[in-house]
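We have chain L already, so just place chain E on it with the hints.
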Amino acid sequence: DTAVSQTPKYLVTQMGNDKSIKCEQNLGHDTMYWYKQDSKKFLKIMFSYNNKELIINETVPNRFSPKSPDKAHLNLHINSLELGDSAVYFCASSQIGNQPQHFGDGTRLSIL
Amino acid sequence: AQKVTQAQTEISVVEKEDVTLDCVYETRDTTYYLFWYKQPPSGELVFLIRRNSFDEQNEISGRYSWNFQKSTSSFNFTITASQVVDSAVYFCALTRDSTGTASKLTFGTGTRLQVTL
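Going line by line, the protein sequences match chains L and E.
Going by my numbering, the first sequence opens with residue 1, and the numbers climb by one from there.
Going by my numbering, the second sequence opens with residue 1, and the numbers climb by one from there.
In short, the hints are calculated from the structure, not lab data.
Treat the hints loosely; a few may be bogus.
[To be verified] Now the in silico label distances, taken between C-beta atoms and shown as ranges:
1. E/S12 - L/Y10: 28 to 38 Å
2. E/V14 - L/S110: 41 to 51 Å
3. E/V46 - L/S39: 15 to 25 Å
4. E/V14 - L/H73: 39 to 49 Å
5. L/L112 - E/E44: 18 to 28 Å
6. L/P61 - E/L117: 26 to 36 Å
7. E/R50 - L/F42: 13 to 23 Å
8. L/Y10 - E/V84: 22 to 32 Å
9. E/S12 - L/K52: 26 to 36 Å
10. E/I60 - L/P61: 42 to 52 Å
Glycine included, every Cβ here is placed at the ideal spot set by N, Cα and C.
Only chain L is shown next, with the shape it has when bound in the complex (with noise of 0.2 Å):
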């Protein structure tokens, strides 16, 4: 059974558009994450749930908002995208802050 799900795996899109990304873990593990990774591989996070409640939410642009209806859900929906958002996006969980965290396979958002 996989661990932390994200669907799409593959999102392709135009500029402008709004798309969603899902995320499901089943780990039973209280915190959730966004990461984004950009074409030179750097990772670097943008939001962070425990319990549904919003605990980190980097420099990111407003047009990026997560949404956790539930401990084992964290969902980024992305407005008027842009060509800079074209990256791969992880889900990630873990217990506590200090536990490892746990990834999706990614999702690799590309906009046209």
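Frame of chain L; chain E shown alone:
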């Protein structure tokens, strides 16, 4: 501010060679955690190890070993008798010791390891 430096951008070795991936970190925290993750060509991120800043004992897991040296702020990773399946990008990461509910990982830029026959 926290920083992780992986100076080796890419390393190529022949199978069965030993290889060491370097990681140097900066932090003002007295307690912190260090991690290594593997990203194979398929793209997923695989957790390898977590090390507490209080525990400077080296760790061995099969062909993998880790050398934590607080005096030089380094947490190096050695693969013994490398195999083609070890080909991947390896990331070193750092987080502060948080009793809170979430803690962000600060990643290095990664080292791409290519193992050939």
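Hints, one by one, checked against the model:
1. E/S12 - L/Y10: 28 to 38 Å: Between E/S12 and L/Y10, where Cβ atoms are some 29 Å apart, the hint holds.
2. E/V14 - L/S110: 41 to 51 Å: This hint is violated: roughly 35 Å between Cβ atoms.
3. E/V46 - L/S39: 15 to 25 Å: 21 Å, holds
4. E/V14 - L/H73: 39 to 49 Å: This hint holds: roughly 45 Å between Cβ atoms.
5. L/L112 - E/E44: 18 to 28 Å: Cβ of L/L112 to Cβ of E/E44: about 25 Å, so the range 18 to 28 Å holds.
6. L/P61 - E/L117: 26 to 36 Å: 46 Å, violated
7. E/R50 - L/F42: 13 to 23 Å: 21 Å, holds
8. L/Y10 - E/V84: 22 to 32 Å: The hinted range 22 to 32 Å holds for L/Y10 and E/V84, with Cβ atoms some 26 Å apart.
9. E/S12 - L/K52: 26 to 36 Å: Since E/S12 and L/K52 have Cβ atoms about 46 Å apart, the given range 26 to 36 Å is violated.
10. E/I60 - L/P61: 42 to 52 Å: 44 Å, holds
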